[in-house]
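Asker: The lines below spell out each chain.
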Amino acid sequence: IALRMFIASGDVVPSFKGFTLIMPAVSVGNVGQLAVDLLISTLNMARVGHFHTDCLIPMAGNNPYATCAEEAGQLSTSAEVYCHSDSKLAVLQIRTPIIQTKVRSFRKLMVSWIKSSGFLRSVLLSSSQAYHRDDQQLHGTPLRYLLTPSLQKEEAPRVEELGWREMERISAFPGVSDSEQRLYIPGGGVTKALYTDCCTEGISMAVVLIFCSEGDNIPDAFALVNHLNDWLHLLEKPVRAQGSVQWRVPPSWRLLFGSGIPPLLF
Amino acid sequence: MATFFGEVVSVYSRAVEEDEYDDMTNENEEDEQIRREIEEKRAVDVHWLSQTDGGSVPCSDLIIAVGLNATGFVSAYALSSGGWTAVAWISLWNERSPGSGRANTAPGPGEPSCVLYQQKHSPSVLICQCSCYVAEDQLFQWTEKVLSCVQTRGLTVTVLSDCSVAEYKTSDYLSESSVPFLRSLRTSAHTGPVASPALEQPNISTGLAAAVLSHCQVQRIPAVLYQCYSDVLQPDSLSMQTYRAAVSAVLKLDPSPSADVLQKITRGGELQSNLYT
Chain A
1 IALRMFIASG DVVPSFKGFT LIMPAVSVGN VGQLAVDLLI STLNMARVGH FHTDCLIPMA
61 GNNPYATCAE EAGQLSTSAE VYCHSDSKLA VLQIRTPIIQ TKVRSFRKLM VSWIKSSGFL
121 RSVLLSSSQA YHRDDQQLHG TPLRYLLTPS LQKEEAPRVE ELGWREMERI SAFPGVSDSE
181 QRLYIPGGGV TKALYTDCCT EGISMAVVLI FCSEGDNIPD AFALVNHLND WLHLLEKPVR
241 AQGSVQWRVP PSWRLLFGSG IPPLLF
Chain B
1 MATFFGEVVS VYSRAVEEDE YDDMTNENEE DEQIRREIEE KRAVDVHWLS QTDGGSVPCS
61 DLIIAVGLNA TGFVSAYALS SGGWTAVAWI SLWNERSPGS GRANTAPGPG EPSCVLYQQK
121 HSPSVLICQC SCYVAEDQLF QWTEKVLSCV QTRGLTVTVL SDCSVAEYKT SDYLSESSVP
181 FLRSLRTSAH TGPVASPALE QPNISTGLAA AVLSHCQVQR IPAVLYQCYS DVLQPDSLSM
241 QTYRAAVSAV LKLDPSPSAD VLQKITRGGE LQSNLYT
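Just so you know, the protein sequences line up as chains A and B, in that order.
Residue numbering for the first sequence follows the numbering used here, starting at 1 and increasing by one per position.
Residue numbering for the second sequence follows the numbering used here, starting at 1 and increasing by one per position.
The set of hints was computed from the structure by calculation and includes no laboratory data.
Every value quoted in this text rests on a predicted model; they were computed, and no experiment measured them.
You may find that some hints are simply not true.
[Said to hold, decoys possible] Here are the simulated distance ranges between beta carbons:
| hint | chain 1 | residue 1 | chain 2 | residue 2 | range |
| --- | --- | --- | --- | --- | --- |
| 1 | B | 124 | A | 232 | 49 to 55 Å |
| 2 | B | 177 | A | 88 | 52 to 58 Å |
| 3 | B | 249 | A | 255 | 38 to 44 Å |
| 4 | B | 197 | A | 244 | 37 to 43 Å |
| 5 | A | 214 | B | 175 | 43 to 49 Å |
[Said to hold, decoys possible] Pairs of lysine-lysine residues, derived as DSSO-like cross-links and limited to a Cα-Cα distance of at most 30 Å, are as follows:
| hint | chain 1 | residue 1 | chain 2 | residue 2 |
| --- | --- | --- | --- | --- |
| 6 | A | 88 | A | 108 |
| 7 | B | 252 | A | 108 |
| 8 | B | 120 | B | 145 |
| 9 | B | 120 | B | 252 |
| 10 | A | 153 | A | 88 |
| 11 | B | 145 | B | 252 |
| 12 | B | 120 | A | 108 |
| 13 | B | 264 | B | 120 |
| 14 | B | 145 | A | 102 |
| 15 | A | 88 | A | 17 |
| 16 | A | 88 | A | 115 |
| 17 | B | 41 | A | 102 |
[What the hints assert, rightly or not] A few chain A residues that don't get close to chain B, going by computed Cβ distances all over 10 Å:
| hint | residue |
| --- | --- |
| 18 | 68 |
| 19 | 140 |
| 20 | 162 |
| 21 | 252 |
Beta carbons: idealized from backbone N, C-alpha and C, even for Gly.
Build the full structure now, drawing on both the sequences and the hints.
Answerer: The following block contains the structure:
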């Protein structure tokens, strides 16, 4: 089934052996998806294939990352894979919600695709409802991470060095008993379930998420992608003091809040 | 989600639903059976009216019309000429099209339906007129089933669809005189001429048109979508006219359909607006 889901756009099926996969969870504020857009656009990644599955709501449009008229005519679909061979990076962009009754089979497909593609590690970019934070989560940075056991040994020292904060476990019955702690990612969509699947399947996966609320989530996307870059060094920071990476906003972000204003108003 | 009055409202929130229910991994047999039965009920099936060997039909051009203006257009400008025979219909059931699920009887005239027509004098041209609602979870299946009816070798798919101009995003102000207009999207395999400007980002296509286009893109079938942006809620002859140039490249159209036929299609709106008559 996994092979049927990923369909290469060229004649050669690309190999992802040893690659890092970055994908979004369709979650509150679409922050993961926006962050992935910034990566594809800035790294000028090439599309290598489509994800064709009945688990996602269909969508079609022209190339969202086109920089010139010749590139604009490329049809893009609800989920596509982009590649940057030099940095051994593959990115899956998901543009539509998962069909409610097919969440389970979507997770199964993802797990089997990740396994069969031979990715070195996977990163799930996600978000969680800011208003659901408990007292301890309200302090400090809104960014959190999670590592599956198979990635723990390798990457835990690295992220600790960076001062990253792990996603806290929450008491199942706050104020009553603190004995039962559980992972709680409200608004995270498939995040928790996919992370749990990857833990049991022995997949090396990291979840990087941000607490946010609905609205203009572009600043959240920048915060998330900068945070990710601190760890993976996908783009070098400018040497100048406190310089941050110049991310390139894709043209598809235009008119995010509606069309132009009719001149007759004035 | 169905409301008190029974109509289906598509709930769209960017705050995706909490997946707590998904934690219930210990689904019992009964749950599984219910899930299977729902799936069966929502299955999409193609029924042939004439006896065929069950294989796919040779086809050079498949025109899929979805939306009020698009279906109205093919009715008035192509199907009404009489040179067409219905060869198959597609049965599906969902909350918004409860009547289309009957597997044993073909839909009657005027009923919301999905019917496949074949041109009499050149049988390799097919029209699929879809006037019933296809739910989000049925779009993928619908596309797979319908496109498996036709041979993909030498096939070109033309999708006609319509959309409200309110959904069209542009930084320029659209004057009234510029509406209705046509925009196109095409798959990588489609290299022929296109009769309208390309759909500009950030505009997208959704629903059945998007499902067909996605399928054709991955199967490398040449396909083009013509999306009409109209400012009239009901089908109207002006909006229907926009498809003319696009479709006349594929088949010979009725140059001036009779007023009766056009009136029948556009009349739906008039019946309700009797305030000033």
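Asker: State for each hint whether it applies.
Answerer: Hints and how they fare:
no.: 1; hint: B:124 to A:232: 49 to 55 Å; result: 53 Å, holds
no.: 2; hint: B:177 to A:88: 52 to 58 Å; result: 53 Å, holds
no.: 3; hint: B:249 to A:255: 38 to 44 Å; result: 31 Å, violated
no.: 4; hint: B:197 to A:244: 37 to 43 Å; result: 38 Å, holds
no.: 5; hint: A:214 to B:175: 43 to 49 Å; result: 34 Å, violated
no.: 6; hint: A:88 to A:108; result: 25 Å, holds
no.: 7; hint: B:252 to A:108; result: 48 Å, violated
no.: 8; hint: B:120 to B:145; result: 23 Å, holds
no.: 9; hint: B:120 to B:252; result: 13 Å, holds
no.: 10; hint: A:153 to A:88; result: 21 Å, holds
no.: 11; hint: B:145 to B:252; result: 27 Å, holds
no.: 12; hint: B:120 to A:108; result: 47 Å, violated
no.: 13; hint: B:264 to B:120; result: 24 Å, holds
no.: 14; hint: B:145 to A:102; result: 19 Å, holds
no.: 15; hint: A:88 to A:17; result: 9 Å, holds
no.: 16; hint: A:88 to A:115; result: 17 Å, holds
no.: 17; hint: B:41 to A:102; result: 16 Å, holds
no.: 18; hint: 68; result: 13 Å, holds
no.: 19; hint: 140; result: 24 Å, holds
no.: 20; hint: 162; result: 29 Å, holds
no.: 21; hint: 252; result: 5 Å, violated
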